[in-house]
Amino acid sequence: MLAGGAAAFTLTAGLATPLNLAPQQAEAKADDGKKVLTVAVAQSVDSLSPFLAQRLLSTSLHRLTYEYLTNYDAKNNRAIDGFATDWKPSADKLTWTYTIRDNSTWSDGKPATAKDAAWTFNKVMSKEGTATANSNFVTNFRKVTAPSPTKLVIELKKPQATMAALDVPIVPKHVWEKVDDISKFNNDKDFPVVGNGPFILTDYKVDQYVRLKANKDFWRGAPKFDELVFKTYKDQDAAVSALRKGEVSFVAGQPALTPAQADSLKNEENIKVNEGPGRRFFALATNPGAKTRDGEKFGDGHPALLDKKVRQALFLSVDREAIVDKVFQGHAVEGAGYIPPRFSEYAWQPSADQRMSYDPKKAARLLDEAGYKKNGDGKRVGKDGRPLDFRILCHATDPNDKAVGKYLKEWWGDLGIGLKVECLDDVSVPWYAGEYDLAFDGWSVNPDPDFVLGIHTCAALPVKAKESAATDNFICDKKFDDLYDKQLAEYDQGKRADIVKQMQSWLYDSGYMNVLAYPNAVEAYRTDQIKSITTMPTAAGNIYGQDGYWSWWSAVPADGKSSSKDGGSTGVIIGIAAAAVVLVGGGALFALRRRSTAEDRE
Amino acid sequence: MTTESAETPSTAPAPVAPAAPGKSARSLARARRRHSVTRFWREYRTHKAGLFGLAALVLIALAAVFAPLLVGSDAQSVTDAPGRPMESPSGAYPLGTDQFGRDLLGLLVWGARISLAVGLLAAVLSVAIGTLVGITAGHFKGWYATVIMRVTDWFLVMPTLVLAIALASVMSRSLWTIILAIGVTTWPTTARLVRAQTLAVESRPYIERAQALGGGHGHIMARHVLPNVMPLVLAQTTLVISGAILTEATLAFLGLGDPTSVSWGGLLQDAREAGAVSAGHWWYLAPPGLAIAVVALAFTLCGRAVESVLNPRLGATR
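Chains as they are written, first to last, in numbering that gives the first Met the number 0: chain A, 0 to 601; chain B, 0 to 317.
Keep in mind the hints are simulated off the structure, nothing from the lab. We put the CB at the ideal spot given by N, CA and C, even for glycine. No false leads were slipped in.
Computed cross-link-like contacts, SDA-like style, restricted to lysine to any residue with a CA-CA straight-line distance of at most 20 Å:
id, chain 1, residue 1, chain 2, residue 2
1, A, Lys419, B, Thr78
2, A, Lys530, A, Ala557
3, A, Lys419, B, Met170
Computed spacing ranges between beta-carbons, pair by pair:
id, chain 1, residue 1, chain 2, residue 2, range
4, A, Val428, B, Pro81, 37 to 47 Å
5, B, Leu162, A, Ala432, 20 to 30 Å
6, B, Asp73, A, Ala432, 34 to 44 Å
Only chain A is shown next, with the shape it has when bound in the complex (with noise of 0.2 Å):
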């Protein structure tokens, strides 16, 4: 879900862009000397508000803008200083001190501290439409006070494994308590938006551009670009083409930039294609039957999906190797557990009898045992006369879900299911009303797995029908929310692990969220314009989209004179051609008409 852009009108993008061969300055230096960092992003905000984002841009801008208690270190994702310098627990563990820092201030002069942190954590939990970001943190939460402005107490009703990975921006109470609705509110309203990361927000156009400058009194330092724009290209390939050109430093990869892409930029002067492995899984998802938190039933999901072996069965007739070495040509790594594997720590792989690998005829032999057997017509029939006739909600434009799309409908077709691919520019609609079958589904993980946990238990499905909220898939189960709880409470980094584990290995039974692959973050760079960068880990990791804020942060800006290549390269030219015969054919077509027309009239 995390990856619906909202509507991409790619006509402009797609055919503006390769005609605009007049050669741009590029931006790493501005005509005023300041250097300028300009990312292409292709996802848009869903609100600045740290209390409602939830996209992987929002809530990135909030890294940047925002202090949180605690930063992950770059290296190997250990909890390290953020807004606290200290935390640790009470001998119950029910209680939680944090040292907060005494040198951050508001980027309008006021000091920031345990008093802000205090009245963010409370505003949270009043719930007042504020929690559909953070609610995973704080369910547990008692009562949170500043008894000094260096000094932040949190009472917990329950033992809670997540308290040094809080991932909730602090806010500036003196600003946000004039706010009427914050439920409402976009924070998008005056510039610049006061906070304290490195980064400052200045400036923010829908679906254009988000502009931040650096916070020269940030306490670690201030960053060494003077602006960071992020540029929002709603088509991958105008984004490499302004990477070409030089009209941008970095393409985000997010999605990842496509094979053909990487290949063609690998072999260009002046820039860097960066590979890790990704923060994402890329699943499908099926429908177990939308209901809200008091069990009312809505929306129109197959009912064969509610038995497990119809489930099973659509993930032993996917064969992921072959998604992995034709859909993603190996920028990916074959899907098995729900946490990548990246986060070794958490990530499980099934053992070898449980593994569902590729085989349609177990497959078959399932779907004949569960009562849907094959009819005259090659169709499998469900014991109520209705064929299994599956939707399956996918991303306009993620072009992924297109391709794996197209495999799926012939992996079932052969067992005799049908399929309906309905790519949508924004699947939320359908998605929160229930009304699909199977989903194209992925989220980003962080560190500390508790948030996309957190988001199969029963306490995150809607309060009324068909409205949002944190669930992913409407998935409530009792042994999975004892896990859950299990796991949060658990402050043994293995034993928490174990049980993490667990929940991943019920999830992968249950058929419900079958995890194709893990996308490799591919992304591109300038460096004529960027000379370094830091990616996370350190060795061999992602930038865009990191758990902190340290690609952008860290990034040191070229010196030489930036040279801007004219994009004189064959697709742009072979753009121009394409363009241009649909133009002129177009307009002698129509040309011809009017005048054939103009003599018909009598």
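Starting from the structure of chain A, add chain B where the hints point.
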């Protein structure tokens, strides 16, 4: 615009003096029709461009119809794709392969089916709506014509593509949606043309005679007006087809087509998404683009030729 061939059907019911006993009115009509078709073809043959367009169309239509025999019925299958992804043209794959390793030549041939089918059906739908609106508006006049022509004007000033995109995005993604979207947005031109012709036909004396003999609205429109606007409608259809094919390609290119079927516009969209534009894989982009242009051009050439054969005024100027 009075061509003999056009008037033929309207005079058919009038008994042309009892002919030789062996020849019924029907066989006479048949003979006359055969004669006019021959004459039409003789005239058409004189238009070189029209012949060229027709030849191109016949070739492409044959390729589309016999696609399973030419390139195999599994050319569209991704699971049985024979090649590696994004191969450049070679002996085995004359146009290279797409991102799934499928032979692009095969896809191009299969794509002709969708593009032609959508183009034809959408044009027929569009012209059918346009003819119905045009004839009724021209026949009834009065407030009905005023209202319906204002509706036509409204559709005429609406940008077709934007309207089609709006329609295609609210309905489910399928071939029929695209056909419907094109059909219901491109009819106004036809409606205006047909209305003008209807007005001209209805002002002729024989319509008055038919009315005096008790011909009702339905009879006049179906038996007298329709046959006379038919040549115009036929020419208009051929011209609308090329527009419909271009619109279909545009919609598919914008990602509004059925993602699981292969069409030329869809191929361009796939190429763009796979990054073929920035990677410079011209063999992926150029063939579908050229195919669209060639078919659109061929239909236009045919349409122009048909038009000038059926309309002597146009023919004389050439």
